[in-house]
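Could you build the full structure based on these sequences and the hints that come with them?
Protein chains: 2
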Amino acid sequence: MPKVSEDHLAARRSQILDGARSCFAAHGYDGATVRRLEEATGLSRGAIFHHFRDKDALFLALAHEDASRMADVAAEQGLVQVMRDMLAHPEQFDWLGTRLEIARRLRTDAEFRNGWSQRSAELTEATVQRLERQKAAGRLRDDVPTDVLLGYLDLVLDGLIARIASGHTSDNLSAVLDLVEASVRRQH
Amino acid sequence: MPKVSEDHLAARRSQILDGARSCFAAHGYDGATVRRLEEATGLSRGAIFHHFRDKDALFLALAHEDASRMADVAAEQGLVQVMRDMLAHPEQFDWLGTRLEIARRLRTDAEFRNGWSQRSAELTEATVQRLERQKAAGRLRDDVPTDVLLGYLDLVLDGLIARIASGHTSDNLSAVLDLVEASVRRQH
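Line by line, the protein sequences give chains A and B. Counting along the first sequence from 1, when you hit position 128 you're at 128 in full-length UniProt numbering, and nothing is skipped either side. Counting along the second sequence from 1, when you hit position 16 you're at 16 in full-length UniProt numbering, and nothing is skipped either side.
One or more hints might be untrue.
One copy or two, it doesn't matter: identical chains are merged, so the pair holds either way.
Claimed, not checked - Pairs of lysine to any residue residues, derived as SDA-like cross-links and limited to a Cα-Cα distance of at most 20 Å, are as follows:
id: 1; residue 1: 135; residue 2: 63
id: 2; residue 1: 55; residue 2: 76
id: 3; residue 1: 135; residue 2: 175
id: 4; residue 1: 55; residue 2: 12
id: 5; residue 1: 55; residue 2: 33
id: 6; residue 1: 55; residue 2: 10
id: 7; residue 1: 55; residue 2: 139
Quick caveat, the hints were computed from the structure, so don't treat them as lab data.
In structure tokens, the structure reads:
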């Protein structure tokens, strides 16, 4: 395939994802109808579903895009920094409320759950590697297994997403994240 | 009002709440239609909305009932024990998935948000009092303000609710809660 055409495809794909992100943020998963997705992306349904099989595929692509970005930060600066970034720019994560809406489907729809788990594999991997490095460097507490530390940080991240989705970030969450960070560090 | 009639009203109210809880758990907030609420409660819409003004009022009454029960446990044994109970019986908290679905409304509907905050005031109060007592007894860390400890436990609770709602409780969450508990305790 010639280069120009690949660039065009990538640009189109990116245009669809950006539009879909705003559309999900504004209307939620069920509310993001095909008509609204057309308006938000400025493209026809034919064009949209040429690039993405269906609304689920769009949703999972967005989740994957987020997880990828988060994985880059997690690899360098850890998962708590990912949370600090979310807290600093909650408006960029509005669409994550959608993630909460789909909780029931995650419980009952195995195929969807599978796609969802895959999207987060990269972030998990980056976080585990960073935790192992920090542990080897003596900066992390060594009395708790790495998988428990990972489970802990993941649980706090889920809490933060729920909080951002419902607009409750005005409290003392920055100090809370300090506490979270301190509690995985080696105690002195 | 004669006693028998008060008993009857309380029983009817309880019947409606139990049915509504299953209905929300099975179908979500939007999916819990009036027809389904009638089926789940075994009562007519007339009877249901004689006791509760509308679906929001039903939902907030359920949230209040939960918060009240949690407050009893939190007052005696702390908020981490509330989470351990949820983890031990996730099926009793299925309906909380609904709480996630309403995140967008919490962000945008001030009246609804207000009703929602009131429902949790009792739980917050019970948790704060217990934290203060533990701090006075020297069992709690004293290098972090109580409001930050409260915000921390609340954030983890929100994460746990998100996890239960999406059916992901099979991991090492019990060990994670040990870590959470240890991190608010006084360090030795």
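Problem set entry | Within, between, both or neither: residue 55, residue 33 at alpha-carbon 20 Å | within (9 Å within a copy, 24 Å between copies)
Problem set entry | 20 Å Cα threshold - placement of residue 10 relative to residue 55 | within (19 Å within a copy, 45 Å between copies)
For this session: Measure nothing new, just compare the shortest in-copy and cross-copy C-alpha distances for residue 55 and residue 139 to 20 Å and report within, between, both or neither.
Result: So residue 55 and residue 139 fail the 20 Å test inside a copy (43 Å) and across (51 Å) alike.
For this session: Could you figure out if residue 55 and residue 76 sit no more than 20 Å apart (CA to CA) within one copy, between two copies, both or neither?
Result: neither (32 Å within a copy, 47 Å between copies)
Problem set entry | Alpha-carbon proximity between residue 135 and residue 63, which holds within one copy, between copies, both or neither at 20 Å | Classified as neither; 29 Å inside a copy, 41 Å across copies.
Problem set entry | residue 135 and residue 175: within-copy, between-copy, both or neither at 20 Å Cα | between (23 Å within a copy, 18 Å between copies)
Exercise. What label fits residue 55 with residue 12 when the C-alpha limit is 20 Å: within, between, both, or neither?
Worked result: Classified as within; 16 Å inside a copy, 42 Å across copies.
Hint compliance for this structure: hints 1, 2 and 7 are not met, and every other hint is.
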